[in-house]
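As you go down the protein sequences, you meet chains A and B in turn. Residue 115, in my numbering, is where the first sequence stops; the numbers in between run on with no holes. Residue 113, in my numbering, is where the second sequence stops; the numbers in between run on with no holes.
Accuracy of the hints is not assured; some may be wrong.
What the hints assert, rightly or not - Listed below are the simulated DSSO-like cross-link pairs for lysine-lysine, each with C-alpha atoms no more than 30 Å apart in a straight line:
| no. | chain 1 | residue 1 | chain 2 | residue 2 |
| --- | --- | --- | --- | --- |
| 1 | B | 100 | A | 57 |
| 2 | A | 57 | A | 17 |
| 3 | B | 5 | B | 71 |
| 4 | B | 100 | A | 18 |
| 5 | B | 100 | B | 112 |
| 6 | B | 5 | A | 57 |
| 7 | B | 71 | A | 65 |
| 8 | A | 71 | B | 56 |
| 9 | A | 69 | B | 100 |
| 10 | A | 65 | B | 5 |
| 11 | B | 71 | A | 57 |
Since the hints were derived computationally from the structure, they do not count as laboratory data. All figures in this text were calculated on a predicted structure; none of them were measured in a lab.
Letter by letter, the chains look like this.
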Amino acid sequence: EAQVTQNPRYLITVTGKKLTVTCSQNMNHEYMSWYRQDPGLGLRQIYYSMNVEVTDKGDVPEGYKVSRKEKRNFPLILESPSPNQTSLYFCASSPIGAYSNQPQHFGDGTRLSIL
Amino acid sequence: DQQVKQNSPSLSVQEGRISILNCDYTNSMFDYFLWYKKYPAEGPTFLISISSIKDKNEDGRFTVFLNKSAKHLSLHIVPSQPGDSAVYFCAARINTNAGKSTFGDGTTLTVKP
Chain A
1 EAQVTQNPRY LITVTGKKLT VTCSQNMNHE YMSWYRQDPG LGLRQIYYSM
51 NVEVTDKGDV PEGYKVSRKE KRNFPLILES PSPNQTSLYF CASSPIGAYS
101 NQPQHFGDGT RLSIL
Chain B
1 DQQVKQNSPS LSVQEGRISI LNCDYTNSMF DYFLWYKKYP AEGPTFLISI
51 SSIKDKNEDG RFTVFLNKSA KHLSLHIVPS QPGDSAVYFC AARINTNAGK
101 STFGDGTTLT VKP
């Protein structure tokens with residue numbers, strides 16, 4: 001089954017404790033992206049990757065890191081989480097990036113609570 | 001500066017009637033628009049899209065209209081069904097600006113039986 005898998009689905013942690021949210025897709029998509037969803041703010045793009053070893057900032061990259069060492073994986077790293085990063089996070093992928101006008105496939109989300 | 005806006009946070013319609021969800025944008029460079037539907041505890045799923053070279057795209061019960069001069073698009077669902085109850089996001093992108101997508105806040109549609 002074609003899917004984007006995020007782990008964990010839920011996490012409660014404390015300020016300053018490094019965490020990683022994993023994202024994996026089994027569709028051989030070149031493009032992957034991370035979003036956060038906050039009430040009244042919709043989905044805001046954090047980082048995206050057009051292919052292996054190619055990453056770029058979205059609209060709200062501060063406090064986040066990403067890496068794309070393999071095509072299928074695109075982890076989101078919070079080196080020193082803060083309460084304002086409490087949010088619902090979505091990973092997405094699509095073939096051949098934005099140029100192909102392909103819609104994105106989303107994971108089911110990761111709810112992070114930073115205390 | 002929110003470049004994509006969905007001004008109605010919620011919409012309630014009766015089963016069988018038409019649902020019209022609206023989206024406004026400010027960036028005239030946007031040339032591709034998508035609608036996604038999201039159920040609780042799931043990720044958004046693609047619904048329908050439209051290129052800026054068109055003014056209408058239809059897929060079954062779903063039709064998207066684009067008015068470039070007004071920088072406005074709308075999603076029509078006819079007839080509406082209870083299973084359509086979800087949050088609908090409008091998204092826009094510029095095809096020469098690789099990878100960036102801008103989403104609206106979403107509109108929660110409730111279809112009453």
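message: Run through the hints listed earlier and report the numbers of any the structure violates, in increasing order.
response: 5, 7 and 8
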